[in-house]
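Residues in the sequence shown are numbered consecutively from 7, following the numbering used here.
Any given hint might turn out to be false.
As a list, the in silico DSS-like pairs of lysine-lysine whose alpha-carbon atoms are at most 25 Å apart [unchecked claim]:
#1 K50 - K60
#2 K116 - K50
#3 K116 - K103
These are computed hints drawn from the structure, not numbers from a lab. In this text, all values refer to a predicted model and were calculated from it rather than measured experimentally.
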Amino acid sequence: MAFLYGCEPGDDGLTPASHPVFSCRNLQLTQNLLREQEPALASKLHQLLRHINKNITPSSPLEHRHIGFYPLINELGAQSVSEIIANLTALGTHWLKQPAAQRANTTSLKQLLDEWIELGDWLVHTAAVH
7 MAFLYGCEPG DDGLTPASHP VFSCRNLQLT QNLLREQEPA LASKLHQLLR
57 HINKNITPSS PLEHRHIGFY PLINELGAQS VSEIIANLTA LGTHWLKQPA
107 AQRANTTSLK QLLDEWIELG DWLVHTAAVH
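Using the sequences and the hints given, assemble the complete structure.
The structure is reproduced here in structure tokens:
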């Protein structure tokens with residue numbers, strides 16, 4: 007399981023450094039952001055995080071926990087990744103329409119969205135190769 011749910015790529019000798027990984031902290035942030043609008047999708051992310059937490063060292067902080075792109079896609083599916091990107095984009099658009107003083111942190115949302123888009127790009131590239 008360390009290969010699928012390693013804390014840092016390459017730190018245990020099982021996960022190659024080139025193996026792309028997704029931040030568990032960003033999974034949790036996504037779950038929190040989607041909880042109200044997309045409860046089913048947020049629930050999927052919650053279940054995935056619970057599964058990850060069972061399979062890795064609990065002493066490592068959340069920001070150091072990662073899941074590989076392959077198992078993440080296997081757990082969520084390509085459709086869910088697409089829905090997450092669409093929902094985060096809509097949320098960002100909504101935030102940008104708010105007065106500057108009332109906006110949530112759009113920089114953090116952009117960084118979160120960038121990681122999901124990277125996963126989506128990887129999925130498209132991987133599908134094209136195979």
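We went through each hint and held it up to the structure:
no. : hint        : verdict
1   : K50 - K60   : holds, 16 Å
2   : K116 - K50  : holds, 22 Å
3   : K116 - K103 : holds, 15 Å
Of the numbered hints given earlier, the model fails none.
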